[in-house]
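**Q** So you can see what is in the structure, the chains are spelled out below.
Protein chains: 4
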Amino acid sequence: MSATPHGRPLGVAVVGYSFMGKAHSNAWRNVGAFYPSAPAVRQELLVGRDEQAVQEAAGRYGWAGWSTDWRSVLERDDIDVVDVCTPGHLHAEVALAALEAGKHVVVEKPLANTVDEAEQMVKAAQAAEASGVRSMVGFNYRRVPALALARRLVDEGRLGTVREVRLSYLQDWLADPAAPMTWRLRKETAGSGALGDLGSHAVDLLHHLLGERVAQVSGELRTFVPQREGPSGREPVTVDDAAWARLRTTSGAVASLEVSRVATGRKNGLQVEVYGSGGAFRFDLEQLNELWVHTAEDGVGGFTRVLVTEPEHPYLEAWWPPGHILGWDHTFTSQAADFLAAVSEGRSPRPSFEDGLAVQRVLAAVEESDRRGGATIDL
Amino acid sequence: MSATPHGRPLGVAVVGYSFMGKAHSNAWRNVGAFYPSAPAVRQELLVGRDEQAVQEAAGRYGWAGWSTDWRSVLERDDIDVVDVCTPGHLHAEVALAALEAGKHVVVEKPLANTVDEAEQMVKAAQAAEASGVRSMVGFNYRRVPALALARRLVDEGRLGTVREVRLSYLQDWLADPAAPMTWRLRKETAGSGALGDLGSHAVDLLHHLLGERVAQVSGELRTFVPQREGPSGREPVTVDDAAWARLRTTSGAVASLEVSRVATGRKNGLQVEVYGSGGAFRFDLEQLNELWVHTAEDGVGGFTRVLVTEPEHPYLEAWWPPGHILGWDHTFTSQAADFLAAVSEGRSPRPSFEDGLAVQRVLAAVEESDRRGGATIDL
Amino acid sequence: MSATPHGRPLGVAVVGYSFMGKAHSNAWRNVGAFYPSAPAVRQELLVGRDEQAVQEAAGRYGWAGWSTDWRSVLERDDIDVVDVCTPGHLHAEVALAALEAGKHVVVEKPLANTVDEAEQMVKAAQAAEASGVRSMVGFNYRRVPALALARRLVDEGRLGTVREVRLSYLQDWLADPAAPMTWRLRKETAGSGALGDLGSHAVDLLHHLLGERVAQVSGELRTFVPQREGPSGREPVTVDDAAWARLRTTSGAVASLEVSRVATGRKNGLQVEVYGSGGAFRFDLEQLNELWVHTAEDGVGGFTRVLVTEPEHPYLEAWWPPGHILGWDHTFTSQAADFLAAVSEGRSPRPSFEDGLAVQRVLAAVEESDRRGGATIDL
Amino acid sequence: MSATPHGRPLGVAVVGYSFMGKAHSNAWRNVGAFYPSAPAVRQELLVGRDEQAVQEAAGRYGWAGWSTDWRSVLERDDIDVVDVCTPGHLHAEVALAALEAGKHVVVEKPLANTVDEAEQMVKAAQAAEASGVRSMVGFNYRRVPALALARRLVDEGRLGTVREVRLSYLQDWLADPAAPMTWRLRKETAGSGALGDLGSHAVDLLHHLLGERVAQVSGELRTFVPQREGPSGREPVTVDDAAWARLRTTSGAVASLEVSRVATGRKNGLQVEVYGSGGAFRFDLEQLNELWVHTAEDGVGGFTRVLVTEPEHPYLEAWWPPGHILGWDHTFTSQAADFLAAVSEGRSPRPSFEDGLAVQRVLAAVEESDRRGGATIDL
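Here the protein sequences come in this chain order: G, D, F and W. 45 is the number of the first residue of the first sequence in our numbering; add one for each residue after it. 45 is the number of the first residue of the second sequence in our numbering; add one for each residue after it. 45 is the number of the first residue of the third sequence in our numbering; add one for each residue after it. 45 is the number of the first residue of the fourth sequence in our numbering; add one for each residue after it.
Looking at chain G on its own, in the form it has when it is part of the complex (with noise of 0.2 Å):
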């Protein structure tokens, strides 16, 4: 493992122990064996609220201490990177404080809630790049390996101009009007509902993959079951269970997308298809591992499956041998490598926070759009 800045190895926290909480977790305990080169890490503290639970993640999920307190985390010099997995509407607030204490920060998507806390944590971050200290967001999407392969044939040219993208993001835990009420159904919490939770990542992935920004948006939010059973009663479900945009990129390509929850039988359908003039493809994260490639010179030869786990494929050779696939948790680790390589090469790693910034920009113009009636929206 290479040295870092410090002599020793980096000292990371993690803020949430919960579903991404697990996800992070299991990717600094495992980047040092994939990915030899990157700076070391230890994974000083996990942090949560419920005491017992997060004692208890932090045992299972190799962590050498846990807090109750968030901010014990800025006070610890052991500490050099603290990656933030609360709900959204926390980002701002640990982020902020933990660029302000010198920690380098990843903080998962979305970014935040709202495009003014985003907005300030971009100035944030901007300001701490000044003395080296470095931030993310974490759109683990950009580490799929068949998706970083998109990129490479983009940037290569191997697509010409891009003319038309399709991307859908379709889930179905929220069909059954039976399902309950949680606090991701509510805009004070969550935000928004399918558009931001799934929307930001297909967001994400066009900017990245065309390597360009949205610049103007018209969509429309719907939410098909408008109040659900919690625990204290019915409750008016107040964020979209679906949304839909059209999307115009800076160049002129024109992008679709389509979110939803309540896509019956659809369990994590992420898709993405990419025409140019010269060449597309498509990708499908339920076979995360395969990209479907045309391109002019193959004449008529239709899409061609490419299994992405060649050495010569973007991170493969950290990984299997050709043929041995790589599951979804892999992207973290992935995600962790790169930026523990930006942190100790003196680089900005990304998804900037001003990537992040970006998407929730191109989300709340489709919220605008919507309530006036589907109207065009310049960003």
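No lab work stands behind these hints: they were computed from the structure. All C-beta atoms, glycine included, are put in the ideal place defined by N, C-alpha and C.
If the Cβ cut is set under 10 Å, some of the chain D residues that face chain F in the computed set are: (1) S69; (2) R73; (3) A84; (4) E100; (5) G103; (6) R104; (7) Y105; (8) R310; (9) N333; (10) E354; (11) W363; (12) W364; (13) P366; (14) H374.
Listing some non-contacts, in silico: residues in chain W with all C-beta distances to chain G over 12 Å: (15) M225; (16) W227; (17) E256; (18) P275; (19) R292; (20) R394.
We have chain G; now place chains D, F and W onto it with these hints.
**A** Chains D, F and W in isolation, oriented as in the chain G frame:
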């Protein structure tokens, strides 16, 4: 074969002998072999402008005679059915005259190039109905067995309340900027581009599968290659290469629509997905014998690939044993059989001219929305 | 249409009017429409045992006349082609008489129920060739465009040296023990079970695709449901439900073969995979318009799904534009066209009776191997 | 984490640090995070021959120490489990010594290179069982959730009586004749080629999924590239490139087996199909989160794609929410958990050495059959 109203086989004329003329001729030649209970037909006359070509085509396709003047069909008493396969801007003139002459009329889709023409045709068709003269527009995909099965599932309530529909029809024959200018790319002859040609199929299927109409539209058109080389030099392309729309149905379902002739690598990619509160299905025209079905009673079972070739599936009794797949052209034969059965039984065949007009209105609304910057248009 | 040797359309008779009679009638009725350069044909006579049924079928399928006596075809000068679609145990008698009478002969596969009969037929066919009388056996899958394209790839050396072939043909219509006894399950009428019915297709494709013959065989037969209920009570099933074999070709390639009528859930699953030193392809009859191709120059690219509907693909010029898929029955039309072209041009059509005999010998060797406990049999 | 028999975490040593050593280390490092009810483990020692390499690997993979002498594990009281990931010809020696020393033993598949060695190992394991010492062979694919679900379906009788099984495992890393000579291609070090490496997985799955054993074998081996270039010039390849077999199980089911390292274009293609009187399933390791299921009650419904990521599916409670797919390496973690649970609960873990021996006997019978010209061998 059944007796006909005239005590002899129904005499048929087809106007047009190229792509659609070939497909419809094939249907009339074969309908009796597969649907013996339909009234018998006689292929009387094929009509086309080029004398040599229409004579040759008439010989190949099994027609007793040929003509270069479509008006000749009007006077012949032995012609009971006029089937209009001309370019779209001639549909109205031929159909109106044929109805006036008391002929049953089939018009290939789309019904007309403009809403005005379509409205006249509907009026004429309704008047003719009074005297038992029948008319139909040729949205042949209603006769794809898999889609007929899909409709049956919706009708039976197996999908519950339909919430989301995803419609796309992607081709790539204009992806290459070097593809030449043709009449299909001029507004005055073609009416519109991908929207009318491909979108009309998709919108008719939406109406048909859900048994309801589109009530609200927001859309956008795009011409990615604004000029193409024609026989007399570079010429502006005056129709769309691709189109997008969000459609709201009368019951409140939301459909997204995307059609393109520049989707590199896609050949004839009509895809339909319908998500309801109780189930869902998916369909792809390139595998037209398959329907992917999920119903709530399947539990976590995902989608089942149904090979729609069993005797209990729609239309299949007419064809081959299980597992022997049908091709694209078989849909026209089944369409002819349905038309003949309606004529014989004194019923109005579907899709009616009114169905055709309903599609035109949706397409016109997409164009209007595009002109008005994506504004939402009520129908 | 081309002139014929007789200066008039070739007169055709089909013997048999059920499943195969319907499929072949369909081919003769349509061949002129799609293959205008083939010599013209006239559907003269349909022959069958049941007077009412054959009369009705002749009317539906476009035949000028009908007969209950197949010998009547021998005396009619206006019949040039006799197409034998009877059950297998009658093939030899009809074909021999027709050749003797100077008729061109098509025999539906398999050529005969026994090697003895097949050998007589080959002798007769060879003798007839001397006087310009042609014969062919109807392995229609040679005319699937995707398989014709596959053969072209092998011929061009795109796969290098073929090493391994995987052949399977799986159906499930006998999976249910309650499926009734029929003539197809008695050795005296059917010859064999899955082996002859399904295995013959697979073995002919092996010969055809590789351009070589099977030289060595080891195999096994199995009847999973030994008795079935027939019209006159329970009866022993005397043919196989399933069969397996390893086949070595003259060049040393190894093919595995598995055929079954009890493969629950599989409808018409003929699958072919060919692996060579330089490339490979895969095919599935249930998606008969697709060929999955991998060649070494594709690098790590996996298999490309080729939708075999482009004008440069075999047979496709005759049919529809790209992406408009063909059905199972179109293969018979293309087969008729190839036969007619050979007759017209004075060539021997393929697959010849000798090709049919070669298949019979392989199947007989599988049966012998099974009798001898799986012993290896040289051909 | 549970208490262990010793009142402290179980100490583990892995012998071998390359491909399998990395995979098993990964499992021991992560098992506690995902399976908290399993007894705790401590990664004590990694053993390998190359001092520098094993030291570096121990650091990366989370081991407390390292050694170049596998015998050092025998004497250490803090090591309770010895996990043997050496090349196959060393399995027996290490495992026998470890059992003798009272260590629980895991041996990576195949159990041994010869039946003789495997028999000794079984004897030793049985003797050790008496004093509560446990042993297991590492057929990790038993822990693929989709295959565990498949086994459950068979166990529950959802497939009825199993009749036919199709097993294939196709790779292509030796397709190119220029691929170099290695120890894997010499009989003395590798035992056999594709047969042992790939066929052992397939045969163990057959035993496991059906809950019965192979009773009769007929097979064939083939080396398509008889010589390859090694460090010291061209050398004969003394193991098979590909193998075929027909296997009959004790209940009379027939399984076909095909394994290959020269199947151009196939990367890690383990495919399993099981057809029973009442249902069937299909599986492909390259999409290891999917099981395709057909049961009779589905009627004509074909196969359902089950994304095996739901909480009620085997192993899934330990991992991620629905739709978040697992990778190849997760199977080792689940295998470790199952092993630890058995140790902790005083049960014999499966697959046992006896299961491993049963596989070896089948593979040996395939080789014998090949030597005897494909003769049928009884087990």
